[in-house]
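Chemist: Listed below, chain by chain, are the residues.
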Amino acid sequence: MNALAARRRHPAAILLLLLLGLVATGGLYSLLAPKPAQAATATADDVNAGKMLFLANCATCHGLHAEGSKDAPSLAGVGAAAVDFQVGTGRMPLAGPGVQAAASKKIMFTDAQIASLAAYVASLSPGPAIPDDQYTKGDGNIAHGNELFKVNCAMCHNFAGSGGALTRGKYAPSLRNVTGTHIYEAMVSGPQSMPVFNDANLSPTDKNDIISYLHELDKNKNPGGMNLGNLGPVSEGMFIWVFGLGLMIGAAVWLGAKAA
Amino acid sequence: MSNAATPKGAAGLRAKDAKPSSAKGSGLAGWVDDRTGAAKPVSYLLKKVFPDHWSFMLGEIAMFSLIILLLTGTFLTFWFVPSAGQVIYNGSYVPLKGIAMSEAFKSTVDISFEVRGGLIIRQIHHWAALMFTVSITVHMFRVFFTGAFRKPREINWVIGTVLSLLAINEGFTGYSLPDDLLSGTGLRAAEGFMQSVPVVGSYLAYFVFGGAFPGEAIIPRLYTTHVLLLPALIVGLFTAHIVLVAVHKHTQYPGPGKTNDNVVGYPMMPVYMAKAGGFFFIVFGITTLMAALVTINPIWLYGPYNPSAVTAGAQPDWYMGFADGALRLFPGFFEFHVFGFTLSLNVFIPSLVVMPLLYGIAGAYPFIESWVTGDKREHHLLDRPRNAPARTGLGVMAISFYLILFFAAGNDLMAIKLGLSINDITRAFQILLIVVPPLAYWVTKRFCMSLQRHDRDLVLHGRETGRIVRTAEGAFFEVHQPLPEHQRWALVQHQSEKPLELTATVDANGVRRPGAFKERLRGKVSSFYFADSVDPVTPAELAAAHHDGSAHEAIEAPQEDAGQGWVGQLHGGAEERPETDAYAPHEHQHDHDHEVDPDSTTAR
Amino acid sequence: MEPTGAEGGHPGTALGLDQGHTEGEGGMPERFANPGLPPHVSRSADLGEHAARRAERQVAALFGISMVATVIFLVAYFAIDQNTYRFVPGIGQANLSNIVLGVTLGLSLLCIGLGAVHWAKTLMPDTEVTEARHPQRSSDDARAEAVETIMAGGDATQLARRPLIRYMLGGALGLFALPLGLQVAGSLGPLPHAELSTTFWRKGMRLVRDPELSPIKASDVTIGSVFNVMPEGIDKSHDVLEEKGKAAVLLMRLNPDDIKIAKERDWGHDGIVAYSKICTHVGCPVGLYEQQTHHLLCPCHQSTFDVTEDCKVIFGPAHRPLPQLKITVDAEGYLVADSAFREAVGPSFWERG
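Residue numbers (the working numbering), protein chains in the order written: chain U, 18 to 277; chain L, 22 to 625; chain D, 9 to 361.
Among the hints, a few may not be true.
As the list claims (entries may be wrong) - Straight line, CA to CA, 30 angstroms or less: simulated DSSO-like cross-link-like pairs of lysine-lysine: (1) U:Lys122 x L:Lys438; (2) L:Lys438 x U:Lys123; (3) U:Lys236 x L:Lys438; (4) L:Lys270 x L:Lys397.
Simulated from the structure, these hints should not be mistaken for lab results.
Bound-form chain U, shown alone (with noise of 0.2 angstroms):
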């Protein structure tokens, strides 16, 4: 008690207090309003059919109780979030061998299916769940997101979220385009070679500034004109070199070529 005591005053202390405001606000507020797929309103049936789904499609990989393989993962804690995350985004079941699952158009179930397989997972052993759709939306702070963006995910996924190189073939993937919610579930998740962003790192408010400038970015809003896939200078210079050169060199044919 006197620990506690002890930290109230502590800057976390008001941040933890907002986080249970906030999750209580969220919680109110997922009781009056009808939504669709929460891992909290999961039902015994919907961990059964998860059951079902899980040992159909992932346990030869994954093992019989989603202890891992020398192939796979051990999926124990690692919650409906990431389940969600990987299967809603195409990356499970992995299409084929490769250094790392790969987003795919093609989602192999359905949202129901994928709510039950995410129940299933979530009932081995606690973990991050699916978020409330109050911290996906983006309607948070963007400069603030854009800040936080900066530190902890450019480095990685390039300052426009155009994605970038890991080691040996691995790689951080686009962010352009994709769910707030999935966005949400990576951070918590840390899915493959992605560090996990846990909520003490980087609150769900944060992680909600994020996706609002993730979305502002997918506004598609370019000033200048083309934006070359924000890649940086790499494709200013391809540019330059075929287009702006070519251009030139044409003009220059042109005008010393005699007239006809």
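Take the given structure of chain U and dock chains L and D to it, following the hints.
Modeler: Relative to chain U, chains L and D alone:
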């Protein structure tokens, strides 16, 4: 603009007690000439002849880009604040609202979003900077591969090399000014380069940055360097460059009527005035259209510099790419720790040695080549690159070395775009850097020589017309169209070089001659250059080619009108027909038949 | 010395490439002769007034387009709000002001250029003109005169006769630039002293999040997490950015069994380890942590550090491992530095040791 007063009239105007104006050159032009005597030089300049070729425009692209840069750069100084002082942004770009940043960064964002038309000027400036460096580079390639650097233009080549080096440093100081995340990372790396200098590195870094990195001094210092020091040097050297071009008169490609003693082209007034003046507007127009449609350096996305942040894909502008690539490829084991000191050659060599070394070799090349060839003549006719296989090979070798460093700077983007491992790419580049340049030399030289042989073939046997003709005897042959004289000249005009002969290393008394080693080396290098040179076709060879297949017949050639007449028109069996044949070559009707000793036809 | 210049007189004499050849055997020249300028080919505009008229109209039209574009620019400058965004194919949401101003300015310039060049090509005389060249070198007389002038001037100064003046002048000229050089070089910046070897970190300082600057509990750092960390109170320091540039730290938690080096485990806390984020190559922030392989990658030059092996370099151009910050927890469970960095962070320098 002055009128076209004749030199004589101008001289009259300059006479001591001349009346204010004579019959010619009255009005404003006369007024100016009364005070400056400009009529003569102006009329000389207006009559100056410029040869026409697209590749001569590459240097002009650079010149016009420089003018665009000076113009738009002046505009930018009106709004840019060269200060590292921290302020809070509160402008119209939402994702930066409330973020602390330097005044330099804030003013650059303001130029982009608050100053009306500011973004277009900023983007013109940056695209023009890239165009400037690109055009300088390809202009250098043109000058190198055509041998335009030879006497009397060696000084201008050196000036050009220095200009190129200044231009890329001007670019670096320019893109570092906005103090954004990307350029700040570049400056941070530059600080690391300075620290790596043996013995005095940390002092050097502290002097340049005015203390610890980043400090408040570097932005104003870069600004002065960027808007005053380097532009003054560039404009000064550029003026010398262009004056020397005027003094030397422009080089020209070999062709009919073009000799080493003339320059064939169009006069400044009016043709080149319109063409070059128009080309300025074309260059400006294209640059502006690029700036209107394509983003460059979106500093608002990079965000302000923060020493603890970085972005994936951190690259410099393209012209610094080779140095960045060298840093990526140079292995770490070149850092040594001896006697309590650190010698960081893994940074020092690629960052601070490679660039001056490459430019130093480039600047020295004309002198190396003239030493090797012993050629002290003036050259105003350009070489076709194939006619100098060794030089062309060396040039391609240097370019391949540069390009590998350049592409290595993009190894991370290659990794994601091609789905490869960045480690494999880096290893591959390390190997390619050693293997490719010599290979490129060899392949290029061989390629040049086969092009030369192809030229010979074309001159000797003419163009295949694809027309098959059946002779009266039933033989078939394809009609070969001989090259018209004016086309042929370009293929046969060059002189082939021969290796220097080794002189005796000892004198008549058996004493080693001083400098014998140098002479031997020179002979070796000379034969490296010219040992397997391909000679141009001689008139005798052409005459012989025309008659091959008819051994019994004397080789014919006219005595008087050299360069005319003994042109083989047909080939491939044509000679086996009687001379009365309709397809018989017309030169058979020449009055003077002449015997040539077969040996002499193959002498050259 | 057989080839090239040798056959054409002494070196230094300009000699035409087409000069100096000798007649070959049998009356056939050794080389082809320059056939002279090819016959002039007339352009369509030279031959018919109709074509010339058309060219004239084209040139005039280009100049006309330029004027129209200029007028649109002038109107658009005032008419279009700076923050208007419109969808443009290929660009996305484009800034209307930038596009319209840029395109009109570009067309205005481009069309002047195209018009002028087209005019020069189609209507101005296209007969090639020949101008003679002369050797670059001055005549021998002019050279001799120049040398004489210089020598006479030199004699007039009596420098050769009065060595005292010569040496003193040499000394004065040799030295006068020193004060100027010393002033600029000496005043550019302070001496580094030990600044490059020290950071803001001191024993007992809390590790705080960057950029929030809130402290971190050991329990906050779950396995696989990465925190970007600054020392507590860095925002109060005199030179915030300069200190941040050296003090940036990356905090990671590994399974203690994965850590292969005892020192690394000892300097950490329960698998939580803190390493300098400043690359030992040229100083970029090394932030790319792969939580599965425990590799740290620098985005600038791809130096790769293995966190399980005390951040030793396993790939790339860096040579030294990232320095580790020794950490522990304070009474309240917050992570604190147990000592300052024991070695200089960042790029190598000579006296670093």
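Chemist: List in ascending order the numbers of the hints, as given earlier, that are violated by the structure.
Modeler: Violated: none.
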